[in-house]
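Q: Take a look at the letters that make up each chain.
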Amino acid sequence: MSGYNFAYLDEDTKRMIRRALLKAVAIPGYQVPFASREMPMPYGWGTGGVQVTAACLLPEDCLKVIDQGADDTTNAVSIRRFFQRTAGVAVTESTRAATIIQTRHRIPETPLTEGQILVYQVPIPEPLRFLEPREPETRRMHALMDYGLMHVKLYEDIARHGAIATSYAYPVTVAGRYVMDPSPIPKFDNPKLSESPALQLFGAGREQRIYAIPPHTRVVSLDFEDYPFEASKAPHACSLCGSAESYLDEVIVDDAGGRMFVCSDTDFCAGRRALAEEDAA
Amino acid sequence: MQGGSVQVGADALAGGFAAPPEEGARVFRALLDAMARPGRVVTLAGAAPPAPASAAAGAALLVLTDRTTRLWLAPSHDTAALRAWVAFHTGAPVVADPAEADFALGDWAGMLPLGRFATGTPEYPDRGATLIVDRAAFAGAPVRLTGPGIAGEARAILPDPAILAARTPQFPQGIDIIWTAGAEAMALPRSTRVEAL
Numbered sequence: 006m007s008g009y010n011f012a013y014l015d016e017d018t019k020r021m022i023r024r025a026l027l028k029a030v031a032i033p034g035y036q037v038p039f040a041s042r043e044m045p046m047p048y049g050w051g052t053g054g055v056q057v058t059a060a061c062l063l064p065e066d067c068l069k070v071i072d073q074g075a076d077d078t079t080n081a082v083s084i085r086r087f088f089q090r091t092a093g094v095a096v097t098e099s100t101r102a103a104t105i106i107q108t109r110h111r112i113p114e115t116p117l118t119e120g121q122i123l124v125y126q127v128p129i130p131e132p133l134r135f136l137e138p139r140e141p142e143t144r145r146m147h148a149l150m151d152y153g154l155m156h157v158k159l160y161e162d163i164a165r166h167g168a169i170a171t172s173y174a175y176p177v178t179v180a181g182r183y184v185m186d187p188s189p190i191p192k193f194d195n196p197k198l199s200e201s202p203a204l205q206l207f208g209a210g211r212e213q214r215i216y217a218i219p220p221h222t223r224v225v226s227l228d229f230e231d232y233p234f235e236a237s238k239a240p241h242a243c244s245l246c247g248s249a250e251s252y253l254d255e256v257i258v259d260d261a262g263g264r265m266f267v268c269s270d271t272d273f274c275a276g277r278r279a280l281a282e283e284d285a286a
Numbered sequence: 014m015q016g017g018s019v020q021v022g023a024d025a026l027a028g029g030f031a032a033p034p035e036e037g038a039r040v041f042r043a044l045l046d047a048m049a050r051p052g053r054v055v056t057l058a059g060a061a062p063p064a065p066a067s068a069a070a071g072a073a074l075l076v077l078t079d080r081t082t083r084l085w086l087a088p089s090h091d092t093a094a095l096r097a098w099v100a101f102h103t104g105a106p107v108v109a110d111p112a113e114a115d116f117a118l119g120d121w122a123g124m125l126p127l128g129r130f131a132t133g134t135p136e137y138p139d140r141g142a143t144l145i146v147d148r149a150a151f152a153g154a155p156v157r158l159t160g161p162g163i164a165g166e167a168r169a170i171l172p173d174p175a176i177l178a179a180r181t182p183q184f185p186q187g188i189d190i191i192w193t194a195g196a197e198a199m200a201l202p203r204s205t206r207v208e209a210l
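Quick mapping for you: the protein sequence lines, in order, are chains A and B.
Here this note's numbering is used: the first sequence runs in plain steps of one and ends on residue 286.
Here this note's numbering is used: the second sequence runs in plain steps of one and ends on residue 210.
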């Protein structure tokens, strides 16, 4: 890792990000502005998550990076290599072995533990942005807890589709105060946001925002009494490991319309298959 | 920084991190852990600021402050030696008005009344000050802590529970406190409720 400061960023930048992170943890769900840097990868590839990870990383950390649950896709592999080269940290594909997990759009199936940090890559941090494009206005709405518009949006879903059709980036209330975008995780993952023993940090590079959910913090998905929140998934079992509990990806396997459902969490799926093989042997 | 000659003693040059990226990372992770789990006591090692600042307070300054953050020193800590150390190691401008400070360092008595510090605005509550409060030891009265980061409740020994209980009447605006004693630290973010036992 010669030629780089530890974890790529200079110390001034890390201090700036670290100050933002502490404020983010102190005000759960509030988006702290930060001076996001150019990173050696394009916006949209996880620059926010990468900067948060770089500011948190210790030489003795064991890093896992997932992209939609998978350890072996381009984005995950390149970010993992980036930190191997610039921080010299150990890397892993195992959720249990990792101390920091950077994620794009999934929460691992294996329950997280105390002492782990989950870093989310966030494209659009403002949950109200598609309802109100003006930043000063959305700031005022957060200040006044004026979240009626979000409920109108969910209501319109019901009026149009008969159910709340929002299936990812499903808005939540953190610690009874701020409405927060949990990043585009499937709403299946929303219950895992709440009361997690792990610290959850969110970084939006292009939009220059950092926010956080401390451990053991109540996170509630918005809903209505007569249309309660439902953590949905495809009604199948994984074709590879047979799990009926995990979140599934639909994969097209040929040109004739053949398809299969497989776990999106590759580490979880591989672990179950290894266990099944052991049992069979 | 400003013109004129400043006498910088040898002890102002010493007491920084030997390996800033690695030690800074360890101190920050401990601080992050403390802020995420109010009531938990962590170790902030690697700094040796001049008395009366504790090692933990010095480490927190090295990790969080620089020329872009305004620092206020309570009378207990407003010494020429500490000013010189802060100037050499962090470059943080020392301000005379606590209302202008992003960070404040001092003993508990010097921090009172807390109303002097910035609590941010309704739109930008993150602009509230961070107080680094040096204590001879974690002494005071037993309190119950509840809120984000705490499973159920936590216990701690803190001074003036009544003042602490009333410190953030306008959450999410407020101040965040890092208590330091020796090489140990404990955080009290604005989200934590304090009740006397």
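For the record, the hints were derived by calculation from the structure and aren't laboratory data.
Mixed in with the good hints, there may be bad ones.
[Said to hold, decoys possible] A few chain B residues that don't get close to chain A, going by computed Cβ distances all over 10 angstroms: (1) Arg-39; (2) Ala-93; (3) Ala-149.
[To be verified] Incomplete in silico selection of chain B near chain A, CB under 8 angstroms: (4) Pro-33; (5) Arg-42; (6) Pro-63; (7) Asp-139; (8) Arg-203.
[Said to hold, decoys possible] Covered, in the sense of this in silico footprint (three residues per stretch, anywhere, with C-beta under 8 angstroms from a C-beta of chain B), are these stretches of chain A: (9) 30-36; (10) 40-46; (11) 60-68; (12) 236-243.
Where is the CB? At the ideal position from N, CA and C, for every residue including glycine.
Q: Closer than 8 angstroms between Cβ atoms is the bar; does Pro-63(B) clear it against chain A? Give me holds or violated.
A: 22 angstroms, violated
Q: Take the shortest C-beta to C-beta distance between Arg-203(B) and chain A; is it under 8 angstroms?
A: 6 angstroms, holds
Q: Was Arg-39(B) rightly flagged as not at the interface, with every chain A Cβ beyond 10 angstroms?
A: Label violated. Min Cβ-Cβ 6 angstroms, cutoff 10 angstroms.
Q: Please verify that hint: Asp-139(B), Cβ, nearest Cβ of chain A, below 8 angstroms or not.
A: 4 angstroms, holds
Q: Hey, does the Pro-33(B) contact hint survive, CB to chain A under 8 angstroms?
A: 6 angstroms, holds
Q: Holds or violated: the stretch 60-68 of chain A covered by chain B, criterion of 3 or more residues with Cβ-Cβ distance under 8 angstroms?
A: holds (count 5)
Q: Would you settle whether the hint for Arg-42(B) is holds or violated, based on the nearest Cβ-Cβ distance to chain A being less than 8 angstroms?
A: Nearest chain A Cβ about 6 angstroms off; hint holds.
Q: Does the stretch 30-36 of chain A contain three or more residues whose Cβ lies closer than 8 angstroms to a Cβ of chain B?
A: holds (count 5)
Q: So Ala-93(B) supposedly isn't at the interface. Is its beta-carbon more than 10 angstroms from every beta-carbon in chain A?
A: 25 angstroms, holds
Q: Test coverage of the stretch 40-46 of chain A by chain B using CB-CB distances below 8 angstroms; three residues minimum.
A: As far as the stretch 40-46 of chain A goes, the hint is violated, because 0 residues have Cβ atoms under 8 angstroms from chain B.
Q: Beyond 10 angstroms from every chain A Cβ: check whether that's true for Ala-149(B).
A: Ala-149(B) clear of chain A: closest Cβ-Cβ about 25 angstroms, beyond 10 angstroms.
Q: Taking a Cβ-to-Cβ distance below 8 angstroms as contact, does the stretch 236-243 of chain A have at least three residues touching chain B?
A: violated (count 0)
Consistency with the previously given hints fails for numbers 1, 6, 10, 12, ordered from lowest to highest.
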